[in-house]
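J.: Chain B: place on chain A using the hints.
Read off the chains here:
There are 2 protein chains.
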Amino acid sequence: MASPSVLTPQAEDFPRWYQDVVAKAEMADNGPVRGTMVIRPYGYAIWERMQAEMDARIKETGAQNAYFPLFIPESYFHREAEHVEGFSPELAVVTFAGGEELAEPIVVRPTSETVIGEFMAKWIQSYRDLPLLLNQWSNVVRWELRPRLFLRSSEFLWQEGHTAHATYADAAGYALRIHLEVYNDFLEKVLAVPTYLGIKPPSERFAGAINTMTAEGMMRDGKALQMATSHELGQNFAKAFDVYYQSEEGQAALCWTTSWGASTRLVGGLIMAHGDDAGLVVPPNLAPIQVVVVAVRDEPEVNGACEKVAAALKASGVRVQVDRGRGSFGRRVTDWEIKGVPIRVEVGPRDLAQGLVSLVRRDDGAKVQVGVDAVASEVPGMLAAMQSDIFDGARKRLLDSTFDVANVAEAMEAATTGFARLPWSAVGEAGEAQLKTEAITVRCLQRKDGSIPVSDTEDGLDCIVAKSY
Amino acid sequence: MASPSVLTPQAEDFPRWYQDVVAKAEMADNGPVRGTMVIRPYGYAIWERMQAEMDARIKETGAQNAYFPLFIPESYFHREAEHVEGFSPELAVVTFAGGEELAEPIVVRPTSETVIGEFMAKWIQSYRDLPLLLNQWSNVVRWELRPRLFLRSSEFLWQEGHTAHATYADAAGYALRIHLEVYNDFLEKVLAVPTYLGIKPPSERFAGAINTMTAEGMMRDGKALQMATSHELGQNFAKAFDVYYQSEEGQAALCWTTSWGASTRLVGGLIMAHGDDAGLVVPPNLAPIQVVVVAVRDEPEVNGACEKVAAALKASGVRVQVDRGRGSFGRRVTDWEIKGVPIRVEVGPRDLAQGLVSLVRRDDGAKVQVGVDAVASEVPGMLAAMQSDIFDGARKRLLDSTFDVANVAEAMEAATTGFARLPWSAVGEAGEAQLKTEAITVRCLQRKDGSIPVSDTEDGLDCIVAKSY
Chain A
1 MASPSVLTPQ AEDFPRWYQD VVAKAEMADN GPVRGTMVIR PYGYAIWERM QAEMDARIKE
61 TGAQNAYFPL FIPESYFHRE AEHVEGFSPE LAVVTFAGGE ELAEPIVVRP TSETVIGEFM
121 AKWIQSYRDL PLLLNQWSNV VRWELRPRLF LRSSEFLWQE GHTAHATYAD AAGYALRIHL
181 EVYNDFLEKV LAVPTYLGIK PPSERFAGAI NTMTAEGMMR DGKALQMATS HELGQNFAKA
241 FDVYYQSEEG QAALCWTTSW GASTRLVGGL IMAHGDDAGL VVPPNLAPIQ VVVVAVRDEP
301 EVNGACEKVA AALKASGVRV QVDRGRGSFG RRVTDWEIKG VPIRVEVGPR DLAQGLVSLV
361 RRDDGAKVQV GVDAVASEVP GMLAAMQSDI FDGARKRLLD STFDVANVAE AMEAATTGFA
421 RLPWSAVGEA GEAQLKTEAI TVRCLQRKDG SIPVSDTEDG LDCIVAKSY
Chain B
1 MASPSVLTPQ AEDFPRWYQD VVAKAEMADN GPVRGTMVIR PYGYAIWERM QAEMDARIKE
61 TGAQNAYFPL FIPESYFHRE AEHVEGFSPE LAVVTFAGGE ELAEPIVVRP TSETVIGEFM
121 AKWIQSYRDL PLLLNQWSNV VRWELRPRLF LRSSEFLWQE GHTAHATYAD AAGYALRIHL
181 EVYNDFLEKV LAVPTYLGIK PPSERFAGAI NTMTAEGMMR DGKALQMATS HELGQNFAKA
241 FDVYYQSEEG QAALCWTTSW GASTRLVGGL IMAHGDDAGL VVPPNLAPIQ VVVVAVRDEP
301 EVNGACEKVA AALKASGVRV QVDRGRGSFG RRVTDWEIKG VPIRVEVGPR DLAQGLVSLV
361 RRDDGAKVQV GVDAVASEVP GMLAAMQSDI FDGARKRLLD STFDVANVAE AMEAATTGFA
421 RLPWSAVGEA GEAQLKTEAI TVRCLQRKDG SIPVSDTEDG LDCIVAKSY
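If you read the sequences in order, they're chains A and B.
Under this note's numbering, residues 1 to 469 are what the first sequence spells out, in order.
Under this note's numbering, residues 1 to 469 are what the second sequence spells out, in order.
In case anyone wonders, no lab produced these hints; they're calculated from the structure.
Virtual Cβ for every residue (Gly too), placed ideally from N, Cα, C.
This list has only true hints and no planted wrong ones.
Cross-link-like lysine-lysine pairs, in silico, DSSO-like; alpha carbons within 30 Å at most: (1) B:LYS59 to A:LYS308; (2) B:LYS122 to B:LYS239; (3) A:LYS59 to B:LYS308; (4) A:LYS59 to B:LYS24; (5) B:LYS122 to A:LYS24; (6) B:LYS314 to A:LYS59; (7) A:LYS59 to B:LYS189; (8) B:LYS314 to A:LYS314; (9) B:LYS59 to A:LYS314; (10) B:LYS59 to A:LYS59; (11) A:LYS189 to B:LYS314; (12) A:LYS24 to B:LYS59; (13) A:LYS122 to B:LYS24; (14) A:LYS239 to B:LYS24; (15) B:LYS314 to B:LYS24; (16) B:LYS189 to A:LYS314; (17) B:LYS239 to A:LYS24.
Sample of chain B residues with no beta-carbon within 10 Å of chain A, all distances over it, derived: (18) ASP13; (19) GLY86; (20) ARG148; (21) LEU180; (22) VAL296; (23) ALA311; (24) ASN407; (25) MET412; (26) GLU429; (27) LYS436.
Bound-form chain A, shown alone (with noise of 0.2 Å):
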């Protein structure tokens, strides 16, 4: 573990401790423009990983990637009403180009809902072009006041999914099966986040959004972070943009859009959601580097086994790296749990000398000794148990965290620890107000059952109730 020196402990003052992880792990530092954000290569590996993982299962959905223009007419934002009012206090402005200014201003895209209708009009003309299912990967802006790395930026990366459809029973469909066959198998399987799954209060709607999904997973201080949401738009934005079909029967009819997204802020719930007081936790189905094969001294011998154990794990289908013995064991080590890495393999020339080497489990701790030829076929079944460990461990805070109260009144108290969860019916606007004066929101609405209803109309739904960031 750790020396306490290096990152302050979660208990004394956790977002400092946050921040600590994202300096020290090298994940992320702050650009010279408020609020942006500069990626290090260590979180954009973590990135990277995301996002090849989301986008084989948006494409499995049936999805494309294209690029929409990063620079949108103002104008543009004014035909939907919601949406402008949602987003006006957010926007970044290039009001001068080419050497002079510009006759109308343009906007740097907050999301693309807006430009992407324009081009779903022209692209879409009969039932046979539905339904339409684009995504594209891209830097999105939306000025922040009170900025954090990852979590509130004001540039960030992001995919955003456009989709339009003839029914509304097929874009809300399609909608459902993104939250939960890109988003929640991610989040399960690959960043082992469990989560709340519901709709959001109107009052918490996407700007222009008829119902939003999201999935609410809680970080190590008890508080909600939104993970992923998926909006369907009803025909607001084809309202605004003409998107329109000709049906079978020869009608021309409105289309049905949905929108959908994930971010960089997915890298500080990783961080927040399995971090400890030595570092980050990276589950491994996520690590860039997934073992680490460390030389305890910088000698021929044990570099020259160091290479033999990475060159059988890569072979075996393992991200590997090799820290050849360079500089002082201990922090070499320090640096590695900071960072995450799932497995460590220390080779020291003593075990050597026997034929051993130690393999080191980041999340518990764990060491055993394995021949130094049993390296490749031991690390895959370690991996594969961490990564259910990590996400069980997960799930049980999340259990053992949320509480079920009568009132809003229980609601405020169980949220200085955790979530809370209560009939929908027993907060309504009123408490919707009252718990913000504490910051705390509405996060989700639920069936019982823990099913995402389809509207928050429906009768018997409870909600999920915390601190968020």
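T.: Frame of chain A, contents of chain B only:
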């Protein structure tokens, strides 16, 4: 081959042909803000393949991906005198954000030397931190008054590599390695585009560089396209951003930096280097769809055979798509030819009754019949042959249309149909000015043996002179 009415013939109007291909192959559309571009799914799938191939090569050289902010303080551009002079006319500037006028205007990055220089200075302490090898995939903005999709757009996608080294030799050697092992290897083996490799004359260098290497490909109209560039930045940016390191001897020393980039312009190069009057011709190693299996008619038996053939090809590692028999067969064939898919497998009921299907090569139209069960074993060899034939054809055109001449007047004549090669000493600054009166430029300087010079001051250099995109 496509009917003449679909695309303007190259010989009639090459720029118009290009526009037609971009539109009809559904590669891209103009965005709503002047000069911006919407990259449609098929164009983006080609770009994703380019990214994957270049990214693997970049990582092979030891560079790591990172991400730096879109927004750069305007003041940064003023620290390197040539850099600001070169880029000022093309900058887009944010003056308003978060609901208020900004105290310092923010530049939307046209390239990232400045902001990355700032962070290199922060991250580099000692010689042990060198070389620092970074790459980023991102969008950049350079305001464009005469935009053309992919070739010149106000926003484009690219990778930009940025590295810092302890010595001139290490920096120059690494830039050369990138130029040969990343760019030229990708261009030759994947894009199938042979180029002239060389250095830019001083007048055409990147703003702030001491040396710029280029790879100049020949388009089908005889004009040149710069496919990728690698810059030695000397100590110019290191000085401007205080990028110092402590040497092994404990002395503070300035770093030597490089930068290198390739962009979505390569998609334009792909179209114009290989395309013909029937549309795109995509080399198999690049193609997102290497084989399309086309049902001649929408019949269960035919569609079933298509799926079977596709499954066998997929199992052989071929990127394949099925076109079930909806709509006119002729029209679908034309569309796949426009998209340049390397091999078309035609599955018709009559052939199928004999157990046969037809394989058609996109480049030369050659058609062979093979047994249904032989497709998966025939196709890989056909794809490989096609890849090398496309490269050989492009090389023949490059060599046949490069004319050795003695002086500027002859070069101007030769540049009306292709490239001219002549002694650099026969051109000089006055010659460059004369060439520019006809929109002709010195594309690169080479040694007599075609290798890349270290400097424009080497004796006995040739230069390649051409009109260009």
